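K.L.:
Each chain, written out:
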Amino acid sequence: MAQMTMIEAIRDAHDVAMAADDRVVVFGEDVGFFGGVFRCTAGLQEKYGKSRCFDAPINESGIVGTAIGMAAYGLKPVIEIQFADYVYPAYDQIVSEAARLRHRSNADFTCPLVIRMPTGGGIFGGQTHSQSPEALFTHVSGLKVVMPSNPADAKGLLLASIADPDPVIFLEPKRLYNGPFDGHHDKPLTTWKKHAQGDVPDGDDIVPLGKAKITREGADVTVLAYGTMVYVAEAAAKETGIDAEVIDLRTLMPLDLDTITASVKKTGRCVIVHEATRTCGFGAELLSLVQEECFYHLEAPIIRVTGWDTPYPHAQEWQYFPGPARVGDALNTVMED
Amino acid sequence: MSEQSKPLSLNVPEPGCRPGDTPDFSDFEIPRAGEVPRPPIDVAADDIRDMAFSIVRVLNKEGQAIGDWAGALTPDELRTGLRHMLTLRAFDKRMLMAQRQGKTSFYMQHLGEEAISCAFARALRPGDMNFPTYRQAGLLVAVDYPMLTMMNQIYSNADDPLHGRQLPIMYTSKEHGFFSISGNLGTQFVQSVGWAMASAISGDTKIAAGWIGDGSTAESDFHAAMVFASTYKAPVVLNIVNNQWAISTFQGIARGGVGTFAARGHGFGIPSLRVDGNDYLAVHAVAGWAAERARRGLGPTLIEYVTYRAGGHSSSDDPSAYRSGEEASAWPLGDPIERLKQHLITIGEWSDERHTQAEAEIMDEVIATQKQAESVGTLGDGKAPSPRDMFEGVYETMPPHLIRQRQQAGY
Chain A
39 MAQMTMIEAI RDAHDVAMAA DDRVVVFGED VGFFGGVFRC TAGLQEKYGK SRCFDAPINE
99 SGIVGTAIGM AAYGLKPVIE IQFADYVYPA YDQIVSEAAR LRHRSNADFT CPLVIRMPTG
159 GGIFGGQTHS QSPEALFTHV SGLKVVMPSN PADAKGLLLA SIADPDPVIF LEPKRLYNGP
219 FDGHHDKPLT TWKKHAQGDV PDGDDIVPLG KAKITREGAD VTVLAYGTMV YVAEAAAKET
279 GIDAEVIDLR TLMPLDLDTI TASVKKTGRC VIVHEATRTC GFGAELLSLV QEECFYHLEA
339 PIIRVTGWDT PYPHAQEWQY FPGPARVGDA LNTVMED
Chain B
5 MSEQSKPLSL NVPEPGCRPG DTPDFSDFEI PRAGEVPRPP IDVAADDIRD MAFSIVRVLN
65 KEGQAIGDWA GALTPDELRT GLRHMLTLRA FDKRMLMAQR QGKTSFYMQH LGEEAISCAF
125 ARALRPGDMN FPTYRQAGLL VAVDYPMLTM MNQIYSNADD PLHGRQLPIM YTSKEHGFFS
185 ISGNLGTQFV QSVGWAMASA ISGDTKIAAG WIGDGSTAES DFHAAMVFAS TYKAPVVLNI
245 VNNQWAISTF QGIARGGVGT FAARGHGFGI PSLRVDGNDY LAVHAVAGWA AERARRGLGP
305 TLIEYVTYRA GGHSSSDDPS AYRSGEEASA WPLGDPIERL KQHLITIGEW SDERHTQAEA
365 EIMDEVIATQ KQAESVGTLG DGKAPSPRDM FEGVYETMPP HLIRQRQQAG Y
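So the sequences go chain by chain: A and B. When you line the first sequence up against the working numbering, it's residues 39 to 375, in that order. When you line the second sequence up against the working numbering, it's residues 5 to 415, in that order.
Just chain B, with the same shape it has in the complex:
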């Protein structure tokens, strides 16, 4: 060894921009809309390796839908999609405010990520099952789950379907293809694979969709899910929402600052691609493609949605402590609602006036629903779930020790 040994040093990735810095996304490579072709449904993972390093995009800067992935949605469907995204945003706004007013303990908004869950939901069929994280409420909004019930859950009032047992936003609806949300990250990713395996074992035609954020891909269950999905060719769509941030931690800490999250699928032989998460049309097209692959027994697909968490992590978080306040507006993929709005206007199916009117109508509906929920109760005020309920449902049949404790507690 002729080379002199230098002391080693630890690599700790840093985001490009901290509070006070000017955001710079010039290194962020964005292909033009329409540039990434749509492969056949039965494509081999090896034949689309490059898709894990590019981004499927449909809407260009002028609001036109371009390329192979365009054209699946009618103007009515697009307007419906816009309505869902506007509803989720208005809902978020009101619920975050309700948290600030002390009407509930906690809230997490979807600001900037509305296209992903709203468009994905429209690519599934009744009976399919999502295993969401806490930031995919669009999966409920886009299948018309009652907003009143969502609010009752957030307020933990007497009409909360979960009887006040769960933290706000941890919704559940089997009927609407929405698996029970858990606070433990990554756990549901591998459960989705198991659900899909069960569908295959049963000779069913239903598929599952797993969801995980960029930060949580570092959890062991991400690896477990990928292994099992790959081994058993499970009919599952594995979704990574890369919103650049895991609370205060930038995505380079989970990813090592190299490659992409989609590229992790390569090692498992899972067809993997990236999509513009702020492009409703692209999300819907890619989701439909992956769902179709799963339904035809062609196995799992890994999708990385490239987006930006424009809001704080939660109502308990202040992002100005760790990132630039200008970063969201500098984000090169823009805002999903603005982009779909522009597209509809470009194709002559929408206008600024109709948009303003729709926003007002939706906000009126959200506020009216909120009043209805609050008339039942908010956290600690009004009609609350029975304390007796905390003892119920631990087991199907209450065991003797729980009956004793319930009686001891006075219920």
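This is chain A alone, in the form it adopts within the complex:
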């Protein structure tokens, strides 16, 4: 065990995977010599050479497109899109190609590819450094979608994603890169190095895809969250005094529906929290599934607490970001019914 930030844990996962398998190659904008704008690939080029870790032209479609070709050849590319907000030029390659290659070729060609991208707000990133586009990927057949919330999961889930035979969209909440964040932006940041969840196992232990984690056990209401919202939900439970069970989904696709339904059937209530905009967000799918699977156990309507249906603003950061007060209100509301 070592104390690591999420950045160091992600870097460590790359290191472990690259040492174990020559086929793992890492590239993206500023990823090589410089080690990435968030330092997630620092030192990898020096250690593994320029043919294993290298800088790419500023062309997201080219980064993903070449990586698909590499994966078809037999390599395991782990590529970076500098911000999730900039993945859209590569959307055709991801949706039309990476996601469908196995199915359309009947596995003659496959696409074992990991596309990492920093995501989420809470950093005054404005419109194009704050978005949470996970629903654009969970909607696509053939993709897996992962979002860790702490350093140990970041490492273990990234290792699992690299080992996975199918394309994985790996969303990294950049607000959590250096320490946990519960939405109380006026309080000082606690670094992961002083946090229990900063303990990261050595070696190649994976955290399996498709398995959620109950981060706070409770009896009154189930909160479904992922990424930064896990800490916001925990804070809201503590501040309202409501005995909420907080589930960190970790993998959005494939989803751990069993853990979700077991919890909601126990609590009878459900609040869904995500940073992404509301309409057709991933919360809508979660709400539908809970409604379908747990209808007769529900004692109150399911509530979603999400970003508003607006582009992510700059000055209004904390009025947009679904903080502990808004989540707390939802917990109180769902308990009143």
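Treat the hints as calculated values from the structure; they're not laboratory data. Here the structure is a predicted model, which means the values were calculated and not measured. Take these hints with a grain of salt, some might be off.
[Unchecked claim] A short list of chain A residues far from chain B (calculated; beta carbon distances all over 12 angstroms):
| id | residue |
| --- | --- |
| 1 | R140 |
| 2 | L325 |
| 3 | Y334 |
[Said to hold, decoys possible] Straight-line alpha carbon distances no greater than 30 angstroms define the calculated DSSO-like cross-link-like pairs of lysine-lysine that follow:
| id | chain 1 | residue 1 | chain 2 | residue 2 |
| --- | --- | --- | --- | --- |
| 4 | B | K97 | B | K375 |
| 5 | A | K232 | A | K251 |
| 6 | B | K178 | B | K387 |
| 7 | A | K88 | B | K97 |
| 8 | A | K251 | A | K303 |
| 9 | B | K237 | A | K85 |
| 10 | A | K88 | B | K387 |
| 11 | A | K276 | A | K251 |
| 12 | A | K303 | A | K225 |
Glycine included, every Cβ here is placed at the ideal spot set by N, Cα and C.
Based on these hints, arrange chain B on the given structure of chain A.
P.N.:
Same frame as chain A, but now just chain B:
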């Protein structure tokens, strides 16, 4: 400013000829066969800039092979090439007819473009990988991919290797160096560069070939492919098949009516040239030259094949709505099969009688194969792939939600 400002106007290029017009290719400059020299394999892009504006040609009007690019193929190889082109044409004819008869939903023929994929395939080695578009089936025919399997794919029957998941002609064969075809244009051009980069990363000796049509060069992925190929000196041959038409849109809309498609390689520092796409010998020679450059680690080559899409865009297209019906016969580079046939006759290695006989034999073989495929099934008739198959292969391991949906669907 003394000059009076005039209202601006938008330039929208128009083809020279529309339905009812008489085709006129008098402005189309065609160098004589043998006129363009063959540069050394390690030539710098800057030293052959003029090749992007000329056309490498080997066969002259008399059917003789002329110049530096001639002489690589034996008479047996030439006859094999002719057989491949005749096979592709006969295959197209039968499959287009099968579509008209309702035996499948869709087909796209190669009429007039047979030389390009058939000759190119013979310049690659086993293990090399093509990233084709939907109009390079010659890459399969020329490496003896089973025609029966192609037909089974077109009919989406129980023996379709893709289990009915793909639209007809979207073939796949890793073993035959033929990457899975996608309906999304241009995507595979940049993937070919990535495959070539992977070969280089792995210290391999295999090369990749990317394919794109004239219209699709306007896609962003064309630019992406050129940037990445140039930056990493990827061992890839980048092929643009300029058949003058993108469905109803003439190539000037993609190209701005100026320069050539090959000339686009100049900005990326990629050695770029044009070749007579209806000249089997020229295509084979240029392909071999570019493949050799890639294999020796000398980097990418961009090739523009100048040809003409003599058929409709697809079985869903009627070209008489947007171009002259006489345009194909007026096309100055002629027909690839006729030209290779004439060459073989000129060198005393073929005859009209042998040609007629070969055509008949090939058509018999195609028809016999077609009967075999149809005995398995056609679209919606006979043995079909299992509905269960649509749920398979979305992921390596079927996730719980798909298992539920499959059960819900009753399979």
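K.L.:
Are the Cα atoms of K88/A and K387/B separated by 30 angstroms or less?
P.N.:
violated, 52 angstroms
K.L.:
Are the Cα atoms of K232/A and K251/A separated by 30 angstroms or less?
P.N.:
Cα-Cα ~22 angstroms, so holds.
K.L.:
Would the least Cβ to Cβ distance between R140/A and chain B come out above 12 angstroms?
P.N.:
violated, 5 angstroms
K.L.:
When you check the alpha-carbon spacing of K237/B and K85/A, does it fall within 30 angstroms?
P.N.:
holds, 23 angstroms
K.L.:
Under the criterion that the straight-line Cα-Cα distance not exceed 30 angstroms, is the pair K178/B, K387/B satisfied?
P.N.:
holds, 26 angstroms
K.L.:
Are the Cα positions of K97/B and K375/B separated by 30 angstroms at most?
P.N.:
holds, 15 angstroms
K.L.:
Check the hint pairing K303/A with K225/A against an upper bound of 30 angstroms on the C-alpha distance.
P.N.:
Violated. K303/A to K225/A sits at ~36 angstroms, over the 30 angstroms cutoff.
K.L.:
With d taken as the least Cβ-Cβ distance between L325/A and chain B, does d exceed 12 angstroms?
P.N.:
Correct as stated: the minimum Cβ-Cβ distance to chain B is 16 angstroms, above 12 angstroms.
K.L.:
Is K251/A close enough to K303/A, meaning Cα to Cα at most 30 angstroms?
P.N.:
holds, 17 angstroms
K.L.:
May I ask you to check that Y334/A keeps its beta-carbon over 12 angstroms from the closest beta-carbon of chain B?
P.N.:
Holds, since 19 angstroms exceeds 12 angstroms.
K.L.:
Hint check: K276/A vs K251/A, CA-CA at most 30 angstroms. Holds or violated?
P.N.:
holds, 18 angstroms
K.L.:
Is the straight-line distance between the alpha-carbon of K88/A and that of K97/B 30 angstroms or less?
P.N.:
violated, 50 angstroms
In summary, the structure is inconsistent with hints 1, 7, 10, 12 from the numbered list given earlier, while agreeing with the others.
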